[in-house]
Amino acid sequence: MDLALHEKKIPIIKIHDFLIVSIQVDMHDKLAIQLQAQILEEIEKTGAKGVLIDISVLEMVDSFIGRMLSGMASMASIMDAAVVIVGMQPAVAITLVELGLEMPGVDTALNMEKGIEMLQERLDSEFI
Amino acid sequence: MTAKIEFENSKKRIEHIEDVLSSVAAGDLDVRVETTIEDDLTGVEEAINILIEDLTYELKQSKKMREELEEKLSKIEEQQNTILRQQDDLLELSSPVTKVWDNILILPVIGTLDSQRAQIMMENLLHKIVETGCTISILDITGVPTVDTQVANHLLKTVTSARLLGADCIISGISPAIAQTIVHLGIDLSVIRTKATLQDAMIYSMRKNRQLVDGKIKTEHAENEEIEN
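As given, the protein sequences belong to chains A and B, one line each in that order.
Counting in the working numbering, the first sequence tops out at residue 132, every number present.
Counting in the working numbering, the second sequence tops out at residue 247, every number present.
Since the hints were made in silico from the structure, they are not lab data.
The structure displayed is predicted, hence computed values, not measured ones.
Where hints are given, some of them may not hold.
To be verified - In silico DMTMM-like pairs for lysine to aspartate or glutamate, Cα to Cα no more than 20 Å straight-line:
hint: 1; chain 1: A; residue 1: K34; chain 2: A; residue 2: D58
hint: 2; chain 1: B; residue 1: K175; chain 2: A; residue 2: E102
hint: 3; chain 1: A; residue 1: K34; chain 2: A; residue 2: D66
hint: 4; chain 1: B; residue 1: K81; chain 2: B; residue 2: E63
hint: 5; chain 1: B; residue 1: K175; chain 2: A; residue 2: D66
hint: 6; chain 1: B; residue 1: K226; chain 2: A; residue 2: E125
hint: 7; chain 1: B; residue 1: K29; chain 2: B; residue 2: D46
hint: 8; chain 1: A; residue 1: K49; chain 2: A; residue 2: D21
hint: 9; chain 1: A; residue 1: K18; chain 2: A; residue 2: E63
hint: 10; chain 1: B; residue 1: K81; chain 2: B; residue 2: D46
hint: 11; chain 1: A; residue 1: K49; chain 2: A; residue 2: D84
hint: 12; chain 1: B; residue 1: K117; chain 2: B; residue 2: D218
hint: 13; chain 1: A; residue 1: K118; chain 2: B; residue 2: D58
hint: 14; chain 1: B; residue 1: K82; chain 2: B; residue 2: E71
hint: 15; chain 1: B; residue 1: K175; chain 2: A; residue 2: D111
hint: 16; chain 1: B; residue 1: K226; chain 2: A; residue 2: E121
hint: 17; chain 1: B; residue 1: K146; chain 2: A; residue 2: E117
hint: 18; chain 1: B; residue 1: K78; chain 2: B; residue 2: D46
hint: 19; chain 1: B; residue 1: K146; chain 2: A; residue 2: E63
hint: 20; chain 1: B; residue 1: K29; chain 2: B; residue 2: D57
hint: 21; chain 1: B; residue 1: K226; chain 2: A; residue 2: E46
hint: 22; chain 1: A; residue 1: K118; chain 2: B; residue 2: E149
hint: 23; chain 1: A; residue 1: K118; chain 2: A; residue 2: E102
hint: 24; chain 1: B; residue 1: K81; chain 2: B; residue 2: E56
hint: 25; chain 1: B; residue 1: K175; chain 2: A; residue 2: E46
hint: 26; chain 1: B; residue 1: K30; chain 2: B; residue 2: D57
hint: 27; chain 1: B; residue 1: K29; chain 2: B; residue 2: D58
hint: 28; chain 1: B; residue 1: K226; chain 2: B; residue 2: D120
hint: 29; chain 1: B; residue 1: K226; chain 2: A; residue 2: D128
hint: 30; chain 1: A; residue 1: K18; chain 2: A; residue 2: E48
hint: 31; chain 1: B; residue 1: K117; chain 2: B; residue 2: D132
hint: 32; chain 1: B; residue 1: K30; chain 2: B; residue 2: E63
hint: 33; chain 1: A; residue 1: K118; chain 2: B; residue 2: D186
hint: 34; chain 1: B; residue 1: K226; chain 2: A; residue 2: E117
Make the full structure from the sequences, and use the hints.
Right under this line is the structure:
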C-alpha cells in the first residue's frame, strides 16, 4: 500500500523562484497530507518564494482537502512563501463556499499564467 | 271469467312496465310504457313515463356540464404549461453575462431575485469567468427592487466563489432600500467591493486594469501610436 502511494507522488517543479504543483489525480486524504509535507520540504530545500498549485482537473474538493489547502497557505507564508491556488472549477468553488470554507488568506488565480504574473508582481514590489 | 281475463291483462301490463324499467336501467331512454286502457294502473304507467322523461333531461344536462368542465380543465392545464415554460425562459434570459471590455465581465440583474434565480446567476457567472478568463466581473443590481437575507447571502456567495476562482467581483447599483435592508439584516458586506453606479464600477475596473490613464481610455491602438511618435 505504502509503495503504491509512493509511486503516485505528485511532481513538484521548480521554476526560478516558484514551485509549480500540478495535481493530476483525484486527491484522497493520505495523498493530501503527503503532498503538504512534500511541498513544505521542497520550500525549505529550494528557498522558493511562491507555490502555485494547479487544481484545474480536480472536479471534487471535500472539506478535508479544502482545509489542507488553506492550512498549507498559512504554513507556507510563515516559511516566507506565498501560495496561489490556480484554476479552480466553478463547481468546486460553489461547493467550498457552501461548506463555509471561504479560504481567507489564500490567493487564487484563474490560470497558471495569471498566477505567475501575480506572484512576480508581488515579488517585484517587495524589493522596491 | 272476466275477472280472470282482467287479471291476465294486468299481469301483462305489469310485465311490460318491468321490461321498460329494465331497459331504462340498461341505458335505453327512448322506450316508453304504452297505455291503451284507462284504469287504475294508467296513473302508475304515466308517472313512470314522466320519470323517464325527467331522467333523460337530467342526464343530458349533466353530460353537457361535464363536457364544459373538461374543456375548462384542459384550458387551465394549457395555461399552467405556458406559465412553466415562461418561467424556464425567464430563468434562462434573466442572467446574461457579457464581456464589455478586455478582462471585464458585466452581469446586469433586473427584477426580483429568488434563491433559484440567484443560484443560476452565480453558476452562469462563474462559468463565464472560467470561459473568458476575465479577472474582473461587475454585478449590477440597479434593477433589483428589494433583497432578503437569502438573496443577500447568495450575492455574498457569488462574490466569494468568484474570488476562489481568482477573479474580483464588484457589486454596483445598490439602492437605498437595499442598503437599508442589508444593514438591518446585519449582513456584513464590508468584505465585498461595492460601487455606487455601473459607471463607477467600470472606471474602477479599468483603472485596475491600467486601461484608463489620466481619464483617457488607453487602447492597444493608442499605445501603438504613442510608440510610433
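Right, here's what the structure says about each hint:
1. K34(A) with D58(A): holds (19 Å)
2. K175(B) with E102(A): holds (8 Å)
3. K34(A) with D66(A): With a Cα-Cα distance of about 13 Å, the restraint between K34(A) and D66(A) holds, given a limit of 20 Å.
4. K81(B) with E63(B): Since the Cα atoms of K81(B) and E63(B) sit roughly 27 Å apart, the hinted pair is violated (cutoff 20 Å).
5. K175(B) with D66(A): holds (17 Å)
6. K226(B) with E125(A): holds (14 Å)
7. K29(B) with D46(B): violated (23 Å)
8. K49(A) with D21(A): holds (12 Å)
9. K18(A) with E63(A): Answer violated: K18(A) to E63(A) is near 25 Å, above 20 Å.
10. K81(B) with D46(B): holds (16 Å)
11. K49(A) with D84(A): Distance of about 13 Å is within 20 Å: holds.
12. K117(B) with D218(B): OK: K117(B) and D218(B) at ~17 Å, within 20 Å.
13. K118(A) with D58(B): Not satisfied, since the Cα-Cα distance of roughly 109 Å exceeds 20 Å.
14. K82(B) with E71(B): holds (17 Å)
15. K175(B) with D111(A): Answer holds: K175(B) to D111(A) is near 17 Å, not above 20 Å.
16. K226(B) with E121(A): Given pair K226(B), E121(A) holds - Cα atoms ~15 Å apart, limit 20 Å.
17. K146(B) with E117(A): holds (18 Å)
18. K78(B) with D46(B): holds (13 Å)
19. K146(B) with E63(A): Holds, because 17 Å separates the two Cα atoms, which is no more than 20 Å.
20. K29(B) with D57(B): holds (14 Å)
21. K226(B) with E46(A): violated (34 Å)
22. K118(A) with E149(B): holds (14 Å)
23. K118(A) with E102(A): violated (26 Å)
24. K81(B) with E56(B): Measuring from Cα to Cα gives roughly 36 Å; hence the hint is violated.
25. K175(B) with E46(A): violated (34 Å)
26. K30(B) with D57(B): holds (14 Å)
27. K29(B) with D58(B): holds (13 Å)
28. K226(B) with D120(B): holds (12 Å)
29. K226(B) with D128(A): Distance of about 18 Å is within 20 Å: holds.
30. K18(A) with E48(A): Holds, at roughly 12 Å.
31. K117(B) with D132(B): violated (25 Å)
32. K30(B) with E63(B): Answer holds: K30(B) to E63(B) is near 13 Å, not above 20 Å.
33. K118(A) with D186(B): With a Cα-Cα distance of about 13 Å, the restraint between K118(A) and D186(B) holds, given a limit of 20 Å.
34. K226(B) with E117(A): This hinted pair holds, its Cα atoms lying about 18 Å apart.
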